[in-house]
Amino acid sequence: MLANKYSRPKSRRKNAPEGSFREQLPMFVMISPFVLFFLIFTVIPIISSICLSFTSYDMISSPSFVGLDNYRRLITSDAVFPVTVKNTVVFAVVAGPLGFLLAFVLAWLVNEFTAKKRALLSFMFYAPALVGNTYFIWQVAFSGDSYGYINSLLLSLGIITEPIVWLKNATYLMPIIIVVQLWQSMGVSFLANISGLQNVSRDLYEAGAIDGIRNRWQELRYITLPSMSNMLLFSAVMQIQSSFSVSLIAITLAGYPSKSNAVDTIVSLMQDMATVRYELGYASAIAVVLFIMMVTTRLIVGKALSTVQK
Amino acid sequence: MLPLIYAVCTSFKPLDELLIFPPRFFVRRPTLGNYLILPDLMSSLKVPLSRYIFNSLFISAVSTFFYILIATMAAFVLSKAKFKGRNLLFWVVQFSLMFNAYTLGIPRYLIFSKMHIIDTYWVSILPHIASTLGVFLAKQYIEGYIPNALLEAAKIDGASHYRVFWSIVMPVIKPAWLTLMLFAFRDIWAEVPNGTIFSEQLKTLPQIVTQITAGGTARAGSSMAVTVIMMIPPIIVFLISQSNVVEAMSSAGIKE
Chain A
1 MLANKYSRPK SRRKNAPEGS FREQLPMFVM ISPFVLFFLI FTVIPIISSI CLSFTSYDMI
61 SSPSFVGLDN YRRLITSDAV FPVTVKNTVV FAVVAGPLGF LLAFVLAWLV NEFTAKKRAL
121 LSFMFYAPAL VGNTYFIWQV AFSGDSYGYI NSLLLSLGII TEPIVWLKNA TYLMPIIIVV
181 QLWQSMGVSF LANISGLQNV SRDLYEAGAI DGIRNRWQEL RYITLPSMSN MLLFSAVMQI
241 QSSFSVSLIA ITLAGYPSKS NAVDTIVSLM QDMATVRYEL GYASAIAVVL FIMMVTTRLI
301 VGKALSTVQK
Chain B
1 MLPLIYAVCT SFKPLDELLI FPPRFFVRRP TLGNYLILPD LMSSLKVPLS RYIFNSLFIS
61 AVSTFFYILI ATMAAFVLSK AKFKGRNLLF WVVQFSLMFN AYTLGIPRYL IFSKMHIIDT
121 YWVSILPHIA STLGVFLAKQ YIEGYIPNAL LEAAKIDGAS HYRVFWSIVM PVIKPAWLTL
181 MLFAFRDIWA EVPNGTIFSE QLKTLPQIVT QITAGGTARA GSSMAVTVIM MIPPIIVFLI
241 SQSNVVEAMS SAGIKE
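Quick note, the sequences are listed as chains A and B, same order.
For the first sequence, my numbering gives the first residue as 1, with consecutive numbering after it.
For the second sequence, my numbering gives the first residue as 1, with consecutive numbering after it.
Some clues are possibly wrong.
As the list claims (entries may be wrong) - Derived pair list, reagent style BS3-like, types lysine-lysine, alpha-carbon separation capped at 27 Å: (1) K259(A) with K117(A); (2) K303(A) with K46(B); (3) K259(A) with K168(A); (4) K168(A) with K86(A); (5) K84(B) with K303(A); (6) K46(B) with K155(B).
To be verified - Here are the in silico distance ranges between beta carbons for each label pair: (7) Q211(B) with E206(A): 34 to 44 Å; (8) I236(B) with S32(A): 30 to 40 Å; (9) P171(B) with F21(A): 26 to 36 Å.
To be verified - Far from chain A, by Cβ distances over 10 Å, these chain B residues were calculated: (10) P14; (11) V27; (12) R29; (13) P30; (14) L38; (15) I53; (16) F54; (17) N55; (18) M73; (19) I118; (20) I168; (21) Q207.
I should point out that these hints are in silico values taken from the structure, not numbers from a laboratory.
In this text the structure is predicted, and so the values were computed from the model without any measurement.
Heads up, the beta-carbon is just placed ideally off N, CA and C, and yes, glycines get one too.
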C-alpha cells in the first residue's frame with residue numbers, strides 16, 4: 001500500500017541508554033513546571049468540581065452532601081435538560097464535523113498560494129477568532145427591525161415585504177447560531193493545520209511523483225493526510241470541545257432562555273444555574289454529564305480517525 | 001471579514017450616521033471624533049491610560065513566553081521520554097480540555113486566595129502558563145514531525161537533553177510554537193479578570209473597554225473605536241507569527 005510506504009516509521013528507539021536517574025533527570029526537570037501548574041490550576045479544580053456535583057451548594061453556606069440527587073433531578077425532573085441535550089448534540093453533529101472539514105480544506109487550499117497571498121488569506125480566515133468578542137456585530141446584522149442589515153438588504157431587493165424577527169424565530173435561530181459558531185471557532189484548527197502543512201516534507205511529494213502518484217487527490221490521500229494525522233487529531237479534539245460548548249454566542253444573540261428553547265445548550269443551562277440561581281452543585285453535575293458526553297465522543301472520533309489513516 | 005470591516009467603518013461614523021435609517025454599511029463622512037473623545041472618557045480614570053496599556057502588554061508578554069516554554073518542554077518530554085504514566089498523563093491532559101471551565105471558577109478562586117495571589121500580577125499570569133491546549137498541539141507536532149533518528153543522532157554526538165530540546169526540537173517545531181504564541185497572546189490579551197484584581201494600578205485594557213462600552217447607544221461610536229484599538233496588538237502578533245511560519249517552512253528540511 002502506498003499509504004504505508006510513505007507514512008513515517010513508527011518504531012520506538014530501543015538502543016538509547018535509558019533508565020538511569022541521572023540520564024532521565026533533565027526530562028523530569030523539563031516537565032515539572034507544567035505538571036505543577038497543571039495540577040494546581042486545572043486538575044484540582046476539576047476534582048473539586050466533580051466532588052461538588054454530589055452536594056448542594058449555594059456559595060453562601062458550605063456544601064452539604066446529597067449523594068446522587070443532582071443527577072437524579074437532572075435526568076428525571078428537569079424539563080429543560082433534555083432540550084438542551086438535543087440542541088447540544090445538533091450543534092456537535094453539524095458544527096463539529098463541518099468545522100473540522102472546513103479547517104482542513106481551507107488550510108490545504110491556502111497552502112497552495114505564494115507566501116504573501118497565503119498570509120492575507122489566513123488573515124481573512126483567522127480574523128474572526130483573532131478579534132474575539134466581535135460577534136455582537138451579528139446582532140446588528142440580524143436585528144429584527146428593518147434597521148438590521150439582513151432585513152434592509154432583503155427589503156430593498158424586494159425578497160421580503162416585512163422585516164423578519166430573525167433572533168426570536170425558532171426556525172431561523174439554529175442555522176444562524178451554527179454559522180456564527182463556525183465563523184468564530186474554526187480559526188484554531190485552521191492555523192494548527194497550516195502549521196502542520198509546513199512540515200510535510202517535500203521529499204515525500206517528490207518520491208510520490210516518482211512512485212506513480214498521478215493527481216492531487218492521490219497526493220492528498222496518500223501523502224498529505226497521513227503526514228497530517230497528528231494535527232487532524234488535534235483539530236478534531238478542538239472541534240469537539242468548541243461545538244459541545246456553544247453558549248456564549250447563543251446567549252448573546254438569542255438570549256437565555258431563547259425562543260422555544262431553540263438554541264439553549266447544556267452549557268447555557270449550566271451557566272444559568274451557576275450565575276443566576278447559585279445552584280453550584282447542580283451546575284457541577286451538569287458539567288460532569290457534559291464531560292462524559294465529550295469524552296465518549298472523543299473516544300469514538302479517535303477510533304474513526306485511526307481507521308481512516310490505515 | 002465583513003463584521004470586522006463593519007467595526008472599523010462604524011468607528012469612523014459621526015453620530016447622525018450611526019443612527020441613520022436605513023443603516024449604511026460603509027461610512028459616508030468619516031470622522032475621527034469617536035477616537036478623539038477617548039482621551040476625555042479616559043481622563044476620568046484614576047490612573048493614566050499608559051499604566052493600563054503597560055499592564056496589558058506586560059501580562060500578555062510574560063504569560064505568553066512562559067506558556068510557550070512550559071508547553072513545548074512538557075510536550076517534548078511527553079512525546080520522547082520513556083517513563084511510567086506517560087500515557088496516563090497525556091490522557092489526563094486531553095480529557096481536561098473537555099471539562100467545561102465554567103464551574104472551575106470557584107475552586108480556582110479558593111486556590112488563588114490560599115496562595116495569597118489575589119490582586120497581584122501573579123493571578124493574571126500563573127493560571128495561563130500551564131496550557132493543556134499548548135501541550136497537546138506541541139506534542140502532536142513533535143510526534144508527527146521529529147523523527148527519533150534525529151534525536152538519536154544528536155545524542156550520539158553527545159548533546160544533552162536540554163541541548164536537544166533547545167537546538168533541535170525548538171527550531172523544527174517553530175511553526176507550532178509561533179502558532180501557539182498567537183493563541184496565547186490572543187486569549188490573555190482579551191482576558192477580563194473575574195473578581196481577582198481590585199487595585200486600579202493592576203487593571204488591564206479590557207476592563208477599561210468594558211467600562212466604556214457599558215455607556216450604551218450614545219457611546220456606540222467610541223465603543224467601536226476602542227474595540228478597533230483592542231484588535232491592533234493581536235493583529236500585530238498574528239502578522240509576526242504567520243510571516244515567520246511561512247519563513248520557517250522555506251528553511252525547514254528534515255531528512256529522514
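Here is what the structure says about each hint:
With a CA separation close to 43 Å, the supplied pair K259(A) and K117(A) exceeds the 27 Å bound. Annotation: proposed proximity of K303(A) to K46(B) is violated, straight-line Cα distance about 57 Å (limit 27 Å). Pair hint K259(A) plus K168(A) holds up; C-alpha atoms about 6 Å apart against a cutoff of 27 Å. Restraint check for K168(A) and K86(A): the C-alpha separation of about 19 Å stays at or below 27 Å, so the hint holds.
The straight-line distance between the Cα atoms of K84(B) and K303(A) is roughly 24 Å, inside the 27 Å bound, and the hint therefore holds. Distance hint between K46(B) and K155(B) is unfulfilled; the C-alpha atoms sit about 57 Å from each other, more than 27 Å. Roughly 58 Å separates the CB atoms of Q211(B) and E206(A), a value that falls outside the hinted 34 to 44 Å. The hinted range of 30 to 40 Å is satisfied by I236(B) and S32(A), whose Cβ atoms lie roughly 33 Å apart.
The beta-carbon spacing between P171(B) and F21(A), approximately 29 Å, falls within the hinted interval of 26 to 36 Å. With a closest Cβ-Cβ approach of about 17 Å to chain A, P14(B) is found to remain outside the 10 Å limit, as its non-interface label requires. Consistency note on V27(B): stated as away from chain A, and its beta-carbon is indeed over 10 Å from all of that chain's, at 14 Å minimum. For R29(B), the condition that its CB be more than 10 Å from all CB atoms of chain A holds, with the nearest at approximately 20 Å.
For P30(B), the non-interface assignment is confirmed: its Cβ lies about 19 Å from the closest Cβ of chain A, beyond the 10 Å cut-off. Under the 10 Å C-beta cut-off, the non-interface status given to L38(B) relative to chain A holds; the minimum distance is some 18 Å. With a closest Cβ-Cβ approach of about 18 Å to chain A, I53(B) is found to remain outside the 10 Å limit, as its non-interface label requires. Every Cβ of chain A is farther than 10 Å from the Cβ of F54(B); the closest lies at roughly 21 Å, confirming the non-interface assignment.
With a least beta-carbon separation of about 18 Å from chain A, N55(B) lies farther than 10 Å from that chain, consistent with its non-interface assignment. Annotated as non-interface, M73(B) brings its C-beta within 10 Å of a C-beta of chain A; the closest such distance is 4 Å. Under the 10 Å C-beta cut-off, the non-interface status given to I118(B) relative to chain A holds; the minimum distance is some 14 Å. Every CB of chain A is more than 10 Å from the CB of I168(B) (nearest about 14 Å), matching its label as outside the interface.
Residue-level check passed: Q207(B) sits 13 Å from the nearest beta carbon of chain A, beyond 10 Å.
Going down the numbered hints, you'll see the structure goes against 1, 2, 6, 7 and 18, while the others check out.
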